[in-house]
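Colleague: Chain residues, written in single-letter form:
Number of protein chains: 2
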Amino acid sequence: MQISELSDRSGLTVQTIKFYIREGLLPKGSAVSATRSEYDERHLERLRLINALRDIGDLPVAAIQQIIASVDDPSVGLHELFGTTQYAIGPHVERPDDPHWRAAREDVDALVRELGWKVGGGAPARDLLAHSFVALRRLGFPITLTDLRPYVRAATEVAEHELRRVSDDAPRTRTVHSLLVSTVLYEQVLTALHRLAQEDASARRFGA
Amino acid sequence: MQISELSDRSGLTVQTIKFYIREGLLPKGSAVSATRSEYDERHLERLRLINALRDIGDLPVAAIQQIIASVDDPSVGLHELFGTTQYAIGPHVERPDDPHWRAAREDVDALVRELGWKVGGGAPARDLLAHSFVALRRLGFPITLTDLRPYVRAATEVAEHELRRVSDDAPRTRTVHSLLVSTVLYEQVLTALHRLAQEDASARRFGA
DNA sequence: CCGGTTGGATGGCGTTACCATCCATCCGAG
DNA sequence: CTCGGATGGATGGTAACGCCATCCAACCGG
Chain A
4 MQISELSDRS
14 GLTVQTIKFY
24 IREGLLPKGS
34 AVSATRSEYD
44 ERHLERLRLI
54 NALRDIGDLP
64 VAAIQQIIAS
74 VDDPSVGLHE
84 LFGTTQYAIG
94 PHVERPDDPH
104 WRAAREDVDA
114 LVRELGWKVG
124 GGAPARDLLA
134 HSFVALRRLG
144 FPITLTDLRP
154 YVRAATEVAE
164 HELRRVSDDA
174 PRTRTVHSLL
184 VSTVLYEQVL
194 TALHRLAQED
204 ASARRFGA
Chain B
4 MQISELSDRS
14 GLTVQTIKFY
24 IREGLLPKGS
34 AVSATRSEYD
44 ERHLERLRLI
54 NALRDIGDLP
64 VAAIQQIIAS
74 VDDPSVGLHE
84 LFGTTQYAIG
94 PHVERPDDPH
104 WRAAREDVDA
114 LVRELGWKVG
124 GGAPARDLLA
134 HSFVALRRLG
144 FPITLTDLRP
154 YVRAATEVAE
164 HELRRVSDDA
174 PRTRTVHSLL
184 VSTVLYEQVL
194 TALHRLAQED
204 ASARRFGA
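If you read the protein sequences in the order shown, they are chains A and B.
Sequential numbering from 4 applies to the first sequence in this note's numbering.
Sequential numbering from 4 applies to the second sequence in this note's numbering.
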């Protein structure tokens, strides 16, 4: 198909598609002549993935580019892709040379050790959590292990469920998409349900 | 204290503080002369709140401004503040006049009804969830109620715990901060733990 | 043959969250 | 009393981001 059809079917403008190609998110079509290239279903599929990661996952184009690079490299295993995704998602907070920060980060590391979780030391989620600890303490709401228990339980159960759902006997493309969907899109599902549940709980506690 | 001390103690530049005052996030100091104003601990506290909402919650300044306006209005009840916060957080997705979208939105509404949740019909989280449904279907990963069950359970338990933790016998300021902290900051805590738990599950399933 | 499409390149735009400057005023140490 | 430095208030600039608009030469297809 031509780029205009790709544009129609994906719902993205031709300009945007060109932009994604320039940024390395989408491979070029196969050149048929100097002014014509042929695109196929894989391009459409790829655009749908990009769109989902941007629209729902709210990922920056640069992060998607990194993820795509791993997706397209067949030597990258599933767990490695997982790491790439987590790292690309960020957030990449500065780690100030500050005692409060170091204490919070140490608390996070201790928690991970205690739970026996196999998590890379450079995982951005560690920093995100530590960052939250610092902010909570600065606001006078110090966080305790008791506070965290329900979160840990919820996170564990959901994550187990998600990883169980990733089929690894399908073609690589399918498996990889499945993994990305589990991590990026279902994170939003969890967030949305969390917010809805909060509103319900708030209504029952404070509602008129 | 003067603005320079406020700047030092909050870690924000004088320019940024001026900017927040202009945007209505921070009340002016009480004018002592034409070129001097006095700030107090409440200003500092407010800056810490703003900083947490931006840094951790990643909220746009405009959203914080709306939240602050509710916080400062004593006639706004806690549940109402909750609604304001949810609405300010967004995301405000367009709702295309599209059968897929309408079907997804109807699925969400049915789910909320079935769970008996008291949630406003205009809650952005409904749209966020519906949006996710659409994207998942477009990618060929249709979502089922079975998939959702663990998420609903996790969200419910965490939300219950959070709302239980909001003390409503403290001064309004404290209670209100507590509510905001529960909704905005603990959402990030949940997300971070979710990611860590996923990495652990991935390591055990796919790791070398 | 000619209107319309494409690849490829380049420049512009709208938003967001500030930062930098400037000016007139003012404070306060000496 | 004076002068360096801080302040309030206003205005303009900036950097990143994710596109969109335009242009050109080449090309296709009716």
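Just so you know, these hints were derived from the structure itself, not from any lab.
Wrong hints could be hidden among the right ones.
Copies of the same chain are indistinguishable here, so a pair counts whether it falls within one copy or spans any two.
[Stated by the list, open to error] Below are the SDA-like pairs computed for lysine to any residue, each with C-alpha atoms no more than 20 Å apart in a straight line:
#1 31 x 178
#2 21 x 34
#3 121 x 76
#4 31 x 47
#5 121 x 206
#6 121 x 207
#7 121 x 93
#8 31 x 172
#9 121 x 209
#10 31 x 145
#11 31 x 82
#12 121 x 211
#13 121 x 210
#14 121 x 208
#15 121 x 176
#16 121 x 104
#17 21 x 10
#18 121 x 57
#19 21 x 41
#20 21 x 164
On a predicted model such as this, the values are computed, not experimentally measured, just so you know.
Colleague: Decide, hint by hint, whether the structure agrees.
Modeller: Here's how the hints hold up against the structure:
no., hint, verdict
1, 31 x 178, "neither (23 Å within a copy, 55 Å between copies)"
2, 21 x 34, "within (14 Å within a copy, 55 Å between copies)"
3, 121 x 76, "neither (24 Å within a copy, 47 Å between copies)"
4, 31 x 47, "within (12 Å within a copy, 53 Å between copies)"
5, 121 x 206, "between (38 Å within a copy, 6 Å between copies)"
6, 121 x 207, "between (39 Å within a copy, 8 Å between copies)"
7, 121 x 93, "within (19 Å within a copy, 34 Å between copies)"
8, 31 x 172, "neither (29 Å within a copy, 62 Å between copies)"
9, 121 x 209, "between (40 Å within a copy, 12 Å between copies)"
10, 31 x 145, "neither (52 Å within a copy, 29 Å between copies)"
11, 31 x 82, "neither (28 Å within a copy, 52 Å between copies)"
12, 121 x 211, "between (46 Å within a copy, 12 Å between copies)"
13, 121 x 210, "between (42 Å within a copy, 9 Å between copies)"
14, 121 x 208, "between (38 Å within a copy, 11 Å between copies)"
15, 121 x 176, "neither (26 Å within a copy, 40 Å between copies)"
16, 121 x 104, "neither (22 Å within a copy, 39 Å between copies)"
17, 21 x 10, "within (10 Å within a copy, 45 Å between copies)"
18, 121 x 57, "neither (28 Å within a copy, 30 Å between copies)"
19, 21 x 41, "within (14 Å within a copy, 55 Å between copies)"
20, 21 x 164, "neither (38 Å within a copy, 48 Å between copies)"
Hint violations for this structure: numbers 1, 3, 8, 10, 11, 15, 16, 18 and 20, all remaining hints satisfied.
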